[in-house]
Amino acid sequence: TQLLEQSPQFLSIQEGENLTVYCNSSSVFSSLQWYRQEPGEGPVLLVTVVTGGEVKKLKRLTFQFGDARKDSSLHITAAQPGDTGLYLCAGARSGYSTLTFGKGTMLLVSP
Amino acid sequence: DTEVTQTPKHLVMGMTNKKSLKCEQHMGHRAMYWYKQKAKKPPELMFVYSYEKLSINESVPSRFSPECPNSSLLNLHLHALQPEDSALYLCASSHWGGNPRGTQYFGPGTRLLVL
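So the sequences go chain by chain: A and B. Take the first sequence: its letter number 25 is residue 25 in the working numbering, and every next letter is one higher. To convert a position in the second sequence, counted from 1, into the working numbering, add 111.
Heads up, some of the hints might be wrong.
To be verified - Cut-off 30 Å, straight-line C-alpha distance, at most; resulting in silico cross-link-like pairs (DSS-like, lysine-lysine):
(1) K147/B - K103/A
(2) K164/B - K149/B
(3) K56/A - K152/B
(4) K149/B - K103/A
(5) K151/B - K70/A
(6) K103/A - K59/A
(7) K59/A - K70/A
(8) K133/B - K103/A
(9) K152/B - K120/B
(10) K164/B - K129/B
(11) K70/A - K149/B
(12) K59/A - K151/B
(13) K120/B - K147/B
(14) K164/B - K57/A
Keep in mind that the hints were calculated from the coordinates and are not lab data.
From just these sequences and the hints, can you work out the full model?
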């Protein structure tokens, strides 16, 4: 059983469309990170959320942490080809020194 | 500065070779990590160092040997690898404990091909 369920696993959309990626769990996380990764490169940190109900915005990207700190979402408005990449959510749990990763969402934005 | 650097960027090695991957950070982080990543999959944790001591080994084969010479450097020594070890090897660092807890910063990775 995957501790952090990420969906969808693959998303192919046209430029200008909106999309949402979800990460869900039955466990509580003390923080949750979102990363974007391009092929052959390392994951780049987009945001860390730590407070239940928290909403953070990064230009056209909106990140939300669930009230119970068990789930998170990433919403992209008016997607652009430069948004193409693998999006990873990763959570940290109290008492654990490592991150739990979702399986990732491969996003392809076509012009 | 949130930069983690890794060298080399690419590495091709035979199954009898010995090589090393290097990682460096200057963020004052006392936790450093090695991950292995296959294409379109999430990173898989291999090793964790905290305060220059190995704290987690995720049952990694002994042909991978980590080393942490000081608080800024992390090495991964490779010997007698198999073709299935070909992957992107990522280094990451974070505060130990962390505030916010868990935020790890990744390097650009080393693309390893074992022939």
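| request: Hints the structure violates: just list their numbers, smallest first. | output: Checked against the structure, the only hint that fails is number 14, while the rest are satisfied.
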